[in-house]
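If you read the sequence shown in our numbering, its first letter stands for residue 22, the second for the next number, and so on.
Hints in this document: simulated from the structure, not taken from any laboratory. Note that CB positions come from ideal geometry on N, CA and C, so glycine has one too. Among the clues, some could well be false.
Stated by the list, open to error - Have a look at the derived ranges for each label pair, beta carbon to beta carbon:
id	residue 1	residue 2	range
1	Arg-124	Asn-81	25 to 33 Å
2	Lys-95	Ser-139	29 to 37 Å
3	Ser-139	Gly-75	35 to 43 Å
4	Gln-23	Ser-74	21 to 29 Å
5	Arg-86	Gly-123	35 to 43 Å
6	Gly-46	Ser-138	18 to 26 Å
7	Ser-139	Leu-67	19 to 27 Å
8	Ser-47	Thr-76	18 to 26 Å
9	Gly-62	Lys-95	29 to 37 Å
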Amino acid sequence: VQLQASGGGLVQAGGSLRLSCVVSGSLSSINVMGWYRQAPGKQRELVAIFTDSGTPNYPNSVKGRFTISRDYAKNTMYLQMNSLNTEDTAVYYCNAVQWRGGRAHDYWGQGTQVTVSS
22 VQLQASGGGL
32 VQAGGSLRLS
42 CVVSGSLSSI
52 NVMGWYRQAP
62 GKQRELVAIF
72 TDSGTPNYPN
82 SVKGRFTISR
92 DYAKNTMYLQ
102 MNSLNTEDTA
112 VYYCNAVQWR
122 GGRAHDYWGQ
132 GTQVTVSS
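Produce the entire structure from the sequences given, and follow the hints as far as they go.
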């Protein structure tokens, strides 16, 4: 499984961006998928996730502003980010987990930079 993230860029506070993550192969083979971010000097943190039941979940920091979605026909996952603020500045990574052979296989995209200016 390979993941290719794109869509990052520079945006003013209050603006919006949509990130995309194209997954090689079928999304149906993925059990859990989501978006993470890592700001300079900070640990990588979860931003949005589809659990293995298909339910989207968000941390409080982005709830109501970010929306995760996916298009099975395009094998693509998205992250719509609205009302961005400077604290959202980070490298954003897409992640996919496959359960195979009794264990979890973890895959990461290369990251896309999101910079929010004040």
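Here is what the structure says about each hint:
no.	hint	in the structure
1	Arg-124 / Asn-81: 25 to 33 Å	holds (31 Å)
2	Lys-95 / Ser-139: 29 to 37 Å	holds (34 Å)
3	Ser-139 / Gly-75: 35 to 43 Å	holds (37 Å)
4	Gln-23 / Ser-74: 21 to 29 Å	holds (25 Å)
5	Arg-86 / Gly-123: 35 to 43 Å	holds (38 Å)
6	Gly-46 / Ser-138: 18 to 26 Å	violated (37 Å)
7	Ser-139 / Leu-67: 19 to 27 Å	holds (25 Å)
8	Ser-47 / Thr-76: 18 to 26 Å	holds (20 Å)
9	Gly-62 / Lys-95: 29 to 37 Å	holds (35 Å)
In this structure, the one hint that does not hold is number 6.
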